[in-house]
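*Asks:* As they're listed, the protein sequences go chains A and B.
So that you can map any letter, position 170 of the first sequence is 173 in the working numbering, and since no number is skipped, the others follow by simple counting.
So that you can map any letter, position 4 of the second sequence is 6 in the working numbering, and since no number is skipped, the others follow by simple counting.
Think of the hints as simulated: they come from the structure by calculation, not from any bench.
Since the structure is predicted, the reported quantities are computational estimates derived from the model, not experimental observations.
Note that beta-carbon positions come from the ideal geometry of N, C-alpha and C, so glycine has one too.
Hints should not be assumed to be uniformly reliable.
Unchecked claim - Here are some, though not all, of the chain B residues that point toward chain A, as calculated from beta-carbon distances under 10 angstroms:
| hint | residue |
| --- | --- |
| 1 | 19 |
| 2 | 45 |
| 3 | 63 |
| 4 | 67 |
Stated by the list, open to error - Partial selection, computed: residues in chain B whose CB lies under 10 angstroms from chain A:
| hint | residue |
| --- | --- |
| 5 | 40 |
| 6 | 41 |
| 7 | 44 |
| 8 | 53 |
To be verified - Over the 10 angstroms line for every Cβ pair with chain A, so calculated as not near, a few chain B residues:
| hint | residue |
| --- | --- |
| 9 | 3 |
| 10 | 5 |
| 11 | 12 |
| 12 | 14 |
| 13 | 21 |
| 14 | 26 |
| 15 | 30 |
| 16 | 31 |
| 17 | 49 |
| 18 | 54 |
| 19 | 64 |
| 20 | 80 |
| 21 | 81 |
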Amino acid sequence: MEHRVVITGLGIYSCIGEDKAAVLESLQNGKSGIIYDAPRKEFGYRSALTGFVKDPDLKPFLSRRERIGMHQPAMFAYMATKEALEQAKLDIDFLEHHETGIIYGNDSTAGAVIETIDKARARKDNTLIGSGDIFQNMNCTVNMNLSTIYKLKGINLTLSAACASGSHSIGMAYLMIKQGLQDRIICGGAQEINQYAMGSFDGLGAFSIREDKPHQASRPFDRDRDGLVPSGGAATVIIESLASAMKRGAPILGEIIGYGFSSNGDHISNPNLDGQFRSLSMAIKQAGIHSDEIDYVNAHATSTPIGDLMEAEAIHKVIGGKVPVSSTKSMTGHECWMAGASEVVYSMLMMQNDFIAPNINFENPDEASQKINIIPTYTEKNIDCFLSNSFGFGGTNSSLVIKKFK
Amino acid sequence: MNRTEIIETTKRFLSEEFEVNPDVIESANNLRDTLDLDSLDYVDLVVVIDENFGFKPTADDLKGVETFEHFFELVERKLEIA
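Put together the whole structure using the sequences plus the hints.
*Replies:* In structure tokens form, the structure reads like this:
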């Protein structure tokens with residue numbers, strides 16, 4: 004028997020707001036979270052632009068032992084998860100006694116690792132590194148920390164799939180619940196935001212150098228885009244079987260109906276139309292809907308010349324030119340490992356509040372983006388069903404289809 | 003460093019590191035229970051002792067440390083040797 008899979012909680016800690024209320028306001032107002040971070044220039048960055056989130060103070064919420072193994076990914080993920088669990092009406096007592104899993108997207112812990120190595124080099128004695136660093140250093144840091152804090156007893160694994168990590172985490176959890184293997188799973192994505200994390204990416208020349216106008220730097224689909232802007236934070240999505248959600252009296256915010264995925268099997272960093280086409284097509288096929296039932300596409304589009312062009316072609320090929328499309332990365336920058344989860348949160352907020360967040364900075368189309376319907380300004384719109392794309396280095400693609408629960 | 007300075011220094015860094023009220027760091031009190039130490043915390047205890055007193059206690063050194071009085075005696079002993 005296949006189970007229906009619903010969303011019962013959302014949490015967000017991002018550069019356009021540290022909770023859902025603040026993020027909703029930013030989405031409605033087309034507010035950018037991009038800044039110029041001067042220390043990056045000294046570090047050797049070609050571009051000092053970044054989305055910015057501050058490190059949260061977790062002392063009011065967690066003990067020293069609970070905090071000591073946390074660096075940015077886990078800290079950000081805790082904030083997002085706390086908010087999501089509260090909305091889903093889940094507390095530690097319930098989680099301890101009712102099997103609940105966690106599949107969280109994360110693909111780096113560069114800041115933590117470098118700080119540890121600095122300590123080790125200075126002290127020349129590994130005993131003096133301290134007890135928390137190993138739990139900050141490992142890529143599964145979010146899972147290790149959250150599963151112990153919340154006493155989780157179900158599936159527990161980290162999903163690393165570059166910039167599609169957050170999206171795949173929701174997709175894989177969806178499949179597990181659909182099959183009846185789990186009743187509920189905490190999903191999401193976290194992205195560290197320190198200068199150590201993105202130096203090598205900056206070195207590829209992939210970042211926008213529009214440093215004099217940070218809010219205009221991320222311009223997905225615009226003819227004059229010149230690269231992405233890195234960003235970070237965390238987003239959490241609680242997904243659950245319909246039966247479990249109804250039994251608990253949890254709020255049912257939406258239903259996941261399709262998950263498509265593919266691998267390009269091609270270049271390590273260049274996008275690939277066929278891979279994206281297969282991911283989108285699979286998601287729509289699995290959802291059992293016609294493509295014209297999709298009311299909104301939240302594009303992966305990061306503001307890179309080739310990537311956006313390829314995605315515009317893929318959307319046009321699979322869904323056509325009428326469906327409204329926007330990339331919230333125009334406001335947030337590229338939230339990388341977190342993006343697939345955060346963009347589900349952003350799209351869910353749009354669906355709940357009947358609007359499409361603007362693809363800001365979209366002034367002129369190019370030959371591909373002129374074929375699709377990009378929404379440059381806040382637009383009121385009833386959304387019953389949306390599709391969210393995420394594509395990552397190594398050619399990993401993920402597409403999710405989510406609809407209103409009826 | 004005399005006994006008073008050792009006690010004051012200890013109160014400062016242990017209360018900071020393990021987030022307890024400095025007043026609970028009293029000679030007769032049990033160190034493990036007072037600071038709520040688990041096995042991992044002993045690693046951090048070694049780190050802060052090294053940072054603040056300049057020596058790294060061994061596992062054998064810490065085996066005999068049940069109360070803060072034992073702790074102060076250990077520090078006195080180690081500093082004298084140093």
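*Asks:* So, for every hint listed, does it hold in this structure?
*Replies:* Hints and how they fare:
1. 19: 8 angstroms, holds
2. 45: Residue 45 (chain B) check passes; min Cβ-Cβ to chain A is 4 angstroms, inside 10 angstroms.
3. 63: With Cβ-Cβ at 13 angstroms, over 10 angstroms, it is violated.
4. 67: Violated: closest Cβ of chain A sits about 17 angstroms from residue 67 (chain B), beyond 10 angstroms.
5. 40: 7 angstroms, holds
6. 41: 9 angstroms, holds
7. 44: Since chain A brings a Cβ to about 8 angstroms from residue 44 (chain B), closer than 10 angstroms, the hint holds.
8. 53: 8 angstroms, holds
9. 3: 21 angstroms, holds
10. 5: Non-interface label stands for residue 5 (chain B): nearest chain A Cβ at 26 angstroms, farther than 10 angstroms.
11. 12: About 18 angstroms separates residue 12 (chain B) from the closest Cβ of chain A, which puts it past 10 angstroms; holds.
12. 14: It holds; residue 14 (chain B) is separated from chain A by about 16 angstroms at its closest Cβ, greater than 10 angstroms.
13. 21: It is violated; residue 21 (chain B) is separated from chain A by about 5 angstroms at its closest Cβ, not greater than 10 angstroms.
14. 26: For residue 26 (chain B), whose nearest Cβ neighbour in chain A is about 15 angstroms away, the distance exceeds 10 angstroms, so it holds.
15. 30: 24 angstroms, holds
16. 31: 19 angstroms, holds
17. 49: 5 angstroms, violated
18. 54: 12 angstroms, holds
19. 64: 12 angstroms, holds
20. 80: The claim stands: residue 80 (chain B) keeps its Cβ more than 10 angstroms from every Cβ of chain A (closest is about 16 angstroms).
21. 81: Consistent with the label, residue 81 (chain B) stays out of reach of chain A, its closest Cβ about 18 angstroms off (over 10 angstroms).
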